[in-house]
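**Q** Listed here are the chains, written in short residue letters.
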Amino acid sequence: MLSYLLAGLALGSIYAIAAGSLVVTYVASGIFSLAFAAMAFTVARVYYALNTEQHLPILVSAVVSLLVFAPLFGMTLYWMLFRHLRGRPMLVKLMATMGLSVALPPLVELALGHITSVTAPGLAPRPLRTFHLFGALLNADQLVTYLGLVVVLALGVGILRFTDIGLKVRALVDSEALTSLSGTSPGRVSLGVWAASATLAGLAGILIAPTAGLSAESMTLLMAAAFAAVVAAWLRRLPVAVVVALLMGVVTTVVQKYLDPASSFTAAVIPSVPFAFMLLFLLYYAVRGQAGDHAAGGALDRAISPQGGDPTAAPAVSSSLKGFKPGTVSSVVFVLLVATLPLVLDDYWSGLAAAGIALSIALLSYTLVTGEGGMVWLCQITFAGLGAALAADLATNRGWPSLVAVFVAAAIVVPLGVVLGILTIRLGNLYVALVTLTFGLLFQTLVLTQDPFYNFGSGIVMPRPSFAENNRAFAYLTLAAFLVQGLLVLNLRRSTAGLALSAVRWSENGARTLGISVLQSKVLVSGVATFVAAVGGGFLAMNFQSSLPDAFNPFLGLVWLAVLVTLGSRSILAALAAGLLFYLMPSLFAAYLPTDLAQVPTILFGVGAIALANHPEGAVAQNSRALSVFLARLRARGGAGEPEPVFAAPAAASPAASPAAPAVVVARGADGTGLPEMRDLTAGERT
Amino acid sequence: MSEKRRDGAWTEAARNDEVACGLPKEVPHPDGREVPPSVISAAPERIMGMSATVSAPPVSTARLAARGVTVRFGGLVALDSVDLDVPAQSIVGLVGPNGAGKSTLFGVLSGLLRPAAGSVLMDGEDVTGASPQLRARRGLARTFQHPELFTSLTVREHVILGYRVRHAKARIWTDLIDGRGFRRAPRAEVARVDELVDALSLGDIQHLPAAGLPLGMSRLVEVARALAVDPRVLLLDEPSSGLDVRETEELAATLRRVVSDHGVSLLLVEHDVPLVLGMCDQVHVLDFGIKIAAGTPAQIRSDPAVRAAYLGEELDLAEDPGRTDSTQGESA
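Sequence lines, in order, name chains A and B.
Start counting the first sequence at 202; every next residue gets the next number (our numbering).
Start counting the second sequence at 8; every next residue gets the next number (our numbering).
Only chain B is shown next, with the shape it has when bound in the complex (with noise of 0.2 Å):
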């Protein structure tokens, strides 16, 4: 099993054992209960209910990729043509101190921002003119920094809209004439719903609306709403921050179930730098709007531009001395 240090870090032997092991046999929950291990590890695709294992490697083409993105705001260079690839089936991880263009990177990349020069692409298709919508449509999810709930709907609610929007999107206009919001939820419907509440343990506040919700379970609430929607590409700003250990340990655990089993691409903006060096594939380091470097965690813990723009001290408590010989990272 997996094991997070007081300062949020997974050990290497912790994270070699998920890898290896698969998931945990059984996972507790917050409030002490053992949550039945066929929800959490059994049936990954009643779990997340996507199609079939992808057990090929990374193919070259990357789901999600930037391209000389810059973006200004006024005079100043918010992302200074940055590139970044989201391979399939992988975690790519962003960090940065604040200020960096992190979340200005997901902005871009999510549509939800125009940048001023460079390209985002899916599959290798240009996607930079596109909507924030039609990336969606394309598979795209994501969650936020500062949680974007809809406040007065509940937190199944938010997970049934997620799934709406994905398998029965024609429903916006049907149900108007067909009274169908009456009518009991189809079967389908149902049960995908019931698997991400539980896989999220979200089940005792899923009827509680969404206002109010602590930082931490709003968090959750935004991933359960992303999954909802079988994305190919999830996109998390700082997924960790507001949940305590365990919470983060389950919520790490499911989102690597994502990746093995349903080949989802994540990348992931966290401040937490232990947690992302512990899960990631893939680091790529930005600092004002440039990007420092990009590599094997392994590769960014020994990144001396690294160390002395960003993470200094800090970088050792997370280092791992058995990984201290790997190679030099690329380095912007």
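Extracted from the complex, chain A is given alone in its bound form (with noise of 0.2 Å):
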């Protein structure tokens, strides 16, 4: 039992400083880090670089790694990336670091190579020493991981307590607007805070390469598992997560004593228990009726923080149909290109641009829920998946027809979103972020990737319908369905459900008071989302004809949400072209460029969700805001006598002043940045 305890402590180990880590970087600074696992990552293969690869000693690669390294990547990453989110909304910084999340390792790999050995040493050394321990056996790696514990928990504490730094950094976390007038530069504490982060990172990589190896994949494991604690410590709560972190190790490591080794359920519980933990967690906070996301900072900060910037703050759409707008003239030429390229692409390609056009079924399910909602769920790839399976279940073992398989699978699978909804939406848009990940991790490993729907990988074969068997007549059904389904999402948004999301997106106080509920309002968006969402992912089981549970793995959807934001996560059409982007590109960089580049797509998708931090609204919205002023400006131009678009700010000063004035106003940018900021009044821009 010992021996249980004490491999369970040094699990908890590593948990708590990964959800120290998380913590402590989310008070100080205002962003959770999605990218932690990347970041843990990136310092461990650093210290495999040194350690295994180089064969340096381990007290040298430790040092190099962790002392060297890992702080000045913190710290250039927080001049990169980091400082541009202060005072930002929360959707735009989870979004921001998970583009980092998605970049980070392949660039990392890029540089480093990449490795096909799954484990790697930790921080004792080969071979590892044995303890005995009350009869109990102890290993060097555990003994070093109890250390790292408590030495970070030492420093940890001391620095924070009765350090000078320490001061500052509880100042900023309480207030930055007043820390910084007080004349302590929150820039430089917040460098500090980053380069503390990427070192605790690290040494939690490091410490769990040993035994759930080292690669990005094990380290978000890693990073959900310490979700859980970080949930039970209603995120602020460094002791409790602490001691929560503890706790799961060890529950985790002693059921094992009274499960049998062999049985599929102990398989299926082991993974289990974080979630489990946070399960708890919610229930209990939801009968407490706690809420989640506080505010960081003071009154003087809330006061002074600037409104806006959030990537899908984009002026409604104009209740008049009246008009024959811009934006509906290059969504219709837009549409038509895609339609042409089955015409005019082989079948190979065509193929390719099908599973484009079905995964953008199930982006539009992010349109939905992101850009609607203004919530990040990271499991729609999971209800992807899981609408795959199912409908490959009913059409291959139950005989159904493959069309009414897909939306009947859907259907089953909505009520998962709505009870994941329920659960967390009531706690913040945080608490989504985290439960929807860890949500989606877990079913991957108990459900997907299990018989009877993994069937070694191939899953279960998923038929076409008999009409469209060829790439090319099933890229046109595939085409239909996305406008059908994109209809849908128009027709939600201008819907009373959807005005009255708006209302509790933007303010839930107002939203409350007007008799309009913020719980109905997300869940039914999200129930909504979670039917797209399985209907993408039953148009991507056709296409590959096989449910292939493998390509709905939740680190795959952290790269298709990277791709939708990048394009726009508000935009109908951007969801097309991102779906389209995500197959063909990879395609085209495999057919033409080096095998070395193959990961480089990836590493751009990654970027272009970073690239959120300085422009929020996504590369449609603001290349057809450029195109708008454009056109505004040649309007301007050709109209003798029509007045010129005023530029003044607020834009709402204008109207009283003149009632003539153009549709088009330039606004002062609304997320404070003093940038001109285009609202074509007339033309839509969510497409």
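Note that these hints are calculated values from the structure, not bench results.
Everything numeric in this text was worked out from a predicted model, so none of it was measured.
One should not assume that every hint holds.
Unchecked claim - Label-pair restraints from in silico Cβ distances: (1) Val488/A with Gly186/B: 35 to 45 Å; (2) Thr77/B with Pro462/A: 25 to 35 Å; (3) Glu132/B with Val648/A: 42 to 52 Å; (4) Trp601/A with Thr181/B: 28 to 38 Å.
Claimed, not checked - Covered by chain A, according to a simulated footprint, are these stretches of chain B (three or more residues, beta-carbon under 8 Å): (5) 146-158; (6) 180-192.
Claimed, not checked - Over the 10 Å line for every Cβ pair with chain A, so calculated as not near, a few chain B residues: (7) Gly82; (8) Gly125; (9) Leu128; (10) Ala198; (11) Ser248; (12) Arg263; (13) Val266; (14) Asp288; (15) Ile297; (16) Ile299; (17) Gln306.
Just so you know, even glycine gets a beta-carbon here, dropped at the ideal spot from N, CA and C.
Each chain sits in its own coordinate frame; assemble them with the hints.
**A** Given below as structure tokens:
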């Protein structure tokens, strides 16, 4: 029993370092870093390169990677990315760090090479020494892990409680504005926080590598487990996070004493422990009615915080349908262009285009849940995977027509999204992101990679409808399905539910006192988004003619989201473009460029999401704005006697002064950047 | 016609004139154009779309009442056993310096904050545990000190949403099935929304998104949105802040019509003390979470506790010489 306990404490220590790092970074910088896993992988990979590949001694490798590289790495990331995220909405922060988590691992592999070995040595010398403690066995890795946690806690508490730097960090947590007024540079303190964050992430990564393996995936699993402790700690209570993390580790190993190690039940229970902890605390918070996302900082910070800058903060579409909008023209042209692809491409590329269009359907679920609902759901790919698996099961094993199977399977998946929504939405957007990622990973492990769905990775056969068996016909069927789903999104946007959703998304208090239920509105869109994701999964399965469970890995889901938000999370056509890009770009690289560069598209997708920090509206909206500005200028020049566009800040000040103000108003950026922001009031940007 | 002095006060004469004569014949628009009198003064039902005029005197059961409301934030007592009544068809003012607890009391009354002790009653029924949505359904609407607008919606959509929440709530579900969002809005909705937009002079900005509106405009949008739900009790948190003298005057006239013609009850938080004293039937004064006085504006003017604790010299500016002999107000 003691052996299980000791092993559990070691695992719990790693969870505790990870959870502690996430909590401290969040409270000190206001950024919840989804890039924690990628940072852990990067530092651990550098350690591996020094220790294993370059054969440097452990101490030298550890000092260089943890005390030299990691702080510099953290500071570089702060300088390049995190400092731009200060004062940004939660959604942008999550997206940008998610982009980093997508871009960083392939970038590191590009620089240091891909490793095939799944396990890597930790900080203890090999071969591992073992010790006997009251009859129980303890290995050197476990001992180093305990020491690691003790050192981190002692240093952390010591610095935060008893030093001038710690005082500044705690002041920054309370109010960045007041801290800067007292002569302390918040930037410099944040630099230190991110340096420490990267070091802790690296330490956790190096410590987990011997048991979980050195890969971005294993680090993400570690991060997801740490999320459970972070959720339990209500995002900011460090002692609770550490205690719960230790407890999770102990429970994970101790339950193994009572379970048959060979049974599939055991294999299912072990990865479920962190999620069970998370669920327990979620239910506890739900019963107690505690809300989660607290605005960081004090009253002064809130008063001076810039508004807007949200990737989905686009003006609403006018309720009038009159007039032919430039956006409509470009939309039709784009759809026609996509429609010609199967005609001009050969069978291989037509198949890829069809896959891209099928993915676009699934991506529309992000358009709904993120673009309309303002939430970050990280398990849409799991809903898609489940939709694919169930549809394939219905079609192949029960003989249902494929299309019917796809839609029925999607309807079956909906309650899952609804329940997750009910559990998390009340707690806040950050909880939604954390819980959905953990849920996705768990569901992938427990269901999608188990039989009867897995079938050695080949999944269940999913036939295409008889009238669309070749790639070209199937591409058109998929495009039609995309347009129907796009219409569904448009309908929701224009409906009263869409108005109510915008209301709850921008001001929960305003909406509630108007009589609108926040939970109902957000759960409604989550349900619809789950349905759309599952339909997309069904079409992807039809495209591959198999449910292919590995194609719905949650890590890939992050890339899906990165591509979509890069192009625009609110535009329906951006989803179409993103789906095509996701499948065509890597194939173009593979076909025409050296294989070394195969990962470049993923890096670019991640970098695109990172760019949201400065251009939150996404590429499509950004370019359509630029186009609208250009067209407006042309019109203004062409129409003699027409008034020039009014340049005024704020925009609304102008109409009263000039009733004949043109439709195009250029306003000062609502994000407080002072950049002019184009608002074309007749041409809806959300195409 | 009412006159607002540079310090924001309405003279008593102007106020009496308003009460005696009803609405102004015409109200100039901020941009200098004249708004048709029909929009402003004629057919009040058409403007506010509410049921028949309430002419009965206020009943004893207040529409909204606080009984011994206490709120603590950690060790700070933000509100200490505060009582307050908002009778039918009346304007009740709530004044006090910064940090007095006015917005906290609004939070408790609207259901966004739970009191540590005490209760909130609507029409005599305890709603302390009821959600903001439930209170909204019972006819409570409010505006906020920092306007809580829906950034991506246009001004008009704010009013439309308010209207539909009250009159067509089922559309939240049915629109998804029948696609009514693509069709022309019903005439009744268009007419009602037009009336509210016109009444608050929002016509020129109605198709602009709420993001980036100046503070004064944002407040008017909030008021329009709140009126769109046909409230029985309307809580207004500093409605005149950010408005110029003329806009304040127009808003005050609109609000008075809402009260006199449709029997709505108003509870008004204002820093502009002269405005409150010029407009309200009853005024409550909070200081450090404690109600230090309540009474008619005249009583408040002459209350020594209020003078000492809050109003000070400013009171003299707003004081009406003809009302100095008023009786002493209730002091806490």
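**Q** Next, verify each hint and record whether it holds.
**A** We went through each hint and held it up to the structure:
{"no.": "1", "hint": "Val488/A with Gly186/B: 35 to 45 Å", "in the structure": "39 Å, holds"}
{"no.": "2", "hint": "Thr77/B with Pro462/A: 25 to 35 Å", "in the structure": "58 Å, violated"}
{"no.": "3", "hint": "Glu132/B with Val648/A: 42 to 52 Å", "in the structure": "49 Å, holds"}
{"no.": "4", "hint": "Trp601/A with Thr181/B: 28 to 38 Å", "in the structure": "30 Å, holds"}
{"no.": "5", "hint": "146-158", "in the structure": "holds (count 8)"}
{"no.": "6", "hint": "180-192", "in the structure": "holds (count 8)"}
{"no.": "7", "hint": "Gly82", "in the structure": "17 Å, holds"}
{"no.": "8", "hint": "Gly125", "in the structure": "19 Å, holds"}
{"no.": "9", "hint": "Leu128", "in the structure": "18 Å, holds"}
{"no.": "10", "hint": "Ala198", "in the structure": "15 Å, holds"}
{"no.": "11", "hint": "Ser248", "in the structure": "14 Å, holds"}
{"no.": "12", "hint": "Arg263", "in the structure": "23 Å, holds"}
{"no.": "13", "hint": "Val266", "in the structure": "20 Å, holds"}
{"no.": "14", "hint": "Asp288", "in the structure": "24 Å, holds"}
{"no.": "15", "hint": "Ile297", "in the structure": "22 Å, holds"}
{"no.": "16", "hint": "Ile299", "in the structure": "25 Å, holds"}
{"no.": "17", "hint": "Gln306", "in the structure": "31 Å, holds"}
Of the numbered hints listed earlier, the single one contradicted by the structure is hint 2.
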